[in-house]
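Trainee: Protein sequence lines, in the order shown, are assigned to chains A and B. The opening position of the first sequence corresponds to residue 11 in this note's numbering, with each subsequent residue numbered one higher. The opening position of the second sequence corresponds to residue 8 in this note's numbering, with each subsequent residue numbered one higher.
Hints were generated in silico from the structure; no laboratory data involved. Be a bit skeptical, because a hint or two may be false.
Label-pair restraints from in silico Cβ distances [as the list claims (entries may be wrong)]:
id: 1; chain 1: B; residue 1: Phe372; chain 2: A; residue 2: Asn131; range: 23 to 29 Å
id: 2; chain 1: B; residue 1: Glu175; chain 2: A; residue 2: Thr164; range: 56 to 62 Å
id: 3; chain 1: B; residue 1: Met380; chain 2: A; residue 2: Thr164; range: 49 to 55 Å
id: 4; chain 1: A; residue 1: Gly27; chain 2: B; residue 2: Pro187; range: 30 to 36 Å
id: 5; chain 1: A; residue 1: Gly125; chain 2: B; residue 2: Met8; range: 54 to 60 Å
id: 6; chain 1: B; residue 1: Met8; chain 2: A; residue 2: Lys127; range: 23 to 29 Å
id: 7; chain 1: A; residue 1: Gly27; chain 2: B; residue 2: Ser260; range: 44 to 50 Å
id: 8; chain 1: B; residue 1: Asn412; chain 2: A; residue 2: Asp148; range: 36 to 42 Å
id: 9; chain 1: A; residue 1: Gly27; chain 2: B; residue 2: Leu134; range: 41 to 47 Å
Backbone N, C-alpha and C fix where the C-beta goes; we use that ideal spot for every residue, glycine too.
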Amino acid sequence: MMNRREFCKKAMVMAGGLALPLSAFELFDPKSLHAEKNDKSNTRWVFLVDTHKCVGCGFCVKSCKTENEVPYDANVTRTWVERYVITKDGNTYIDSPKGARDGFTTTKIDQQHEGMKDINNEDITKAFFVPKLCNQCDKPSCVQVCPVGATYRTADGVVLIDRKWCIGCGYCVQNCPYGARFFHPVYHVTDKCNFCYHRITKGMKTACVDACPFGARQIGNLKDQNDPVTKIIMTDRVNVLKEEYGNKPQAFYLGLSKEVK
Amino acid sequence: MVHGELWTIKEFFTYPNEYIYWPITIVMYPFVTGLVAGAFVLSSLYHVFGVKQLKDIARFSLVFSFALLPVAMMPLLLHLSQPFRGIEVMLTPHFTSAIAAFGVVFSTYGMIVASELWFVYRKHFVLKSLELKEKTNRSGLDSIFYLLFSALTLGAYDISEHALEKDEKAVGKLAAIGIPVACFLHGYVGFIFGSVKSNALWTTPLMPVIFLCSAVVSGVALCIVTYVITVGLRKLLYIRKRTQHPDSPTDESVKDVDLSEIKITTKYLVMFLILAFTLEFIDLIFRVYTGIKSWDILQVVIFKRDFVKVFILQYGIGNILPFILLLLPGLTVKRALLASALVLYGVFMMRWNVVIGGQAFSSSFSGFMEYHMPILPVSLDALKEGLIGTIAVIVTPYVLFFGLNKIMPVFGQTDSH
């Protein structure tokens with residue numbers, strides 16, 4: 011007859027013994043092995059914005075909202091366009107009314123609660139538009155801080171969100187230096203640009219790239235040396251936003267001015 | 008309306024998706040967690056460091072800390088846009104996230120406090136269950152209590168002197184382990200904020216330490232306030248009962264607040280207050296002196312837009328005034344009560360200024376956001392994350408404490424711990 015102490019001892023040994031071979035399944039999970047072997051994905055999606063070409067029409071924002079079912083009138087957007095106006099006295103005025111969904115219909119600068127700011131044309135030294143979207147960072151802080159792993163990076167470099175898993179704590183929203191994330195008004199989970207993953211993985215371009223009449227937005231594969239986007243990134247003087255945060259953003263910009271936030 | 012839009016007013020340029028995503032509920036989260044940790048540290052001063060004078064308040068603060076514990080989670084659950092998935096933080100933690108450690112740290116701490124309480128109250132459980140067992144005509148309520156107390160003994164009915172001595176040793180050990188865990192619990196809450204690299208106000212390695220010190224300050228202050236009020240209320244009720252029924256039995260456990268006990272507790276309060284204040288000032292001076300890029304906008308927030316909240320309400324009324332009140336000679340219970348209440352307010356304002364202040368400016372550094380707390384529950388968001396939700400968070404620990412006190416009475420215990 012086994013006494014209690016012996017039973018406990020033997021049970022622990024058995025549990026330990028069983029745990030070992032079971033953990034081997036985890037170590038040698040065929041699926042993850044396969045993924046690791048093939049992790050050398052031959053795709054790395056990147057974005058290229060030529061700010062010189064952007065006129066602030068807002069077609070990109072409009073098409074994005076429609077394509078990705080972000081409610082049209084909701085004051086959140088997966089992509090947006092910022093207008094920068096720099097005056098002779100060194101001031102910078104920036105606005106992006108409704109994310110520039112309807113373009114910029116007035117020369118007045120939207121200062122939100124402070125009203126509209128009228129600037130004399132003679133006082134302006136330079137003005138330009140900067141389209142923005144998720145930078146699909148190589149080291150995304152949003153992925154790092156998600157407490158349940160609901161947001162993750164795919165092998166081809168796009169950061170996605172699992173709407174069925176997100177708990178809606180907003181930690182990722184706080185940790186994105188680019189303000190790319192928001193709460194989806196219908197699904198009540200975080201949302202952001204995913205380079206139209208459903209399109210690019212089927213050989214199409216993103217909705218915003220297709221909608222841009224001036225070719226200011228382009229998407230490409232950084233691992234393909236012959237990709238025209240890759241060629242520009244490799245040979246031209248491109249820049250990224252907020253490099254100091256160390257997220258290694260993968261949206262590249264041509265003609266980025268120092269005033270851009 | 009999108010989440011956050013209801014209570015955010017934007018000025019100048021902010022990114023289109025920027026709102027105050029962490030409102031009053033996230034102010035309450037570190038505030039309540041701080042109270043939990045602080046109350047526990049106060050109880051440990053007696054159990055671990057043998058500060059004998061703190062015996063009564065130590066027992067009180069241990070039970071109160073336990074009552075506060077589940078409430079620390081409450082503002083988080085109120086905040087989540089998918090509260091039913093909240094449990095996933097514990098079930099499927101993603102350990103590169105600071106929040107994922109919540110389940111581990113929080114439950115470890117909860118288990119320590121629960122075990123400590125069990126050892127402290129084991130004798131009481133045994134006596135109660137035996138007393139109710141012998142009662143011949145038990146009422147329905149008595150039977151429920153009998154079952155409850157019998158279950159709480161966990162079958163350990165030995166209350167010999169030797170066994171109780173062992174209990175006391177266990178309490179000491181648990182309290183000793185509990186201190187670093189309590190400190191870790193709150194230091195970790197500071198880390199949640201301090202590690203947000205994209206927020207210029209939050210990102211500082213000092214944040215966990217600042218949070219920890221202010222946690223102890225707030226926990227001690229709340230224990231003083233609640234203890235003085237509870238003891239006072241008990242006395243008041245007792246006197247009223249005696250005047251209405253002069254022949255009712257006398258209760259030895261009803262007494263005045265022990266001034267010497269309060270005096271010692273306030274000494275610890277002042278000590279931690281100085282520490283918290285110094286750390287916060289070091290942080291501020293460092294920011295002024297180094298003047299890195301973000302300082303341009305931070306100084307507008309700290310010295311202009313939030314001046315009253317930071318320097319008058321937090322430092323002035325919440326730190327310096329109670330500091331003077333506590334150090335003036337001839338401390339009375341009433342003065343200690345007032346000073347502690349002010350300290351509590353000061354710590355709340357500190358949490359407010361960190362959490363809301365950290366979101367008062369756009370991460371583009373070109374605009375501001377102002378928070379307007381929803382008062383009326385005009386929507387589910389306004390109900391959960393507005394005044395009503397906040398009041399629920401404030402009231403719940405007292406309701407729990409009232410219930411816990413029926414099972415683990417704080418007053419009138421004669422045993423050694």
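Trainee: Checked against the structure, which of the hints given earlier come out wrong?
Mentor: 3, 5, 7 and 8
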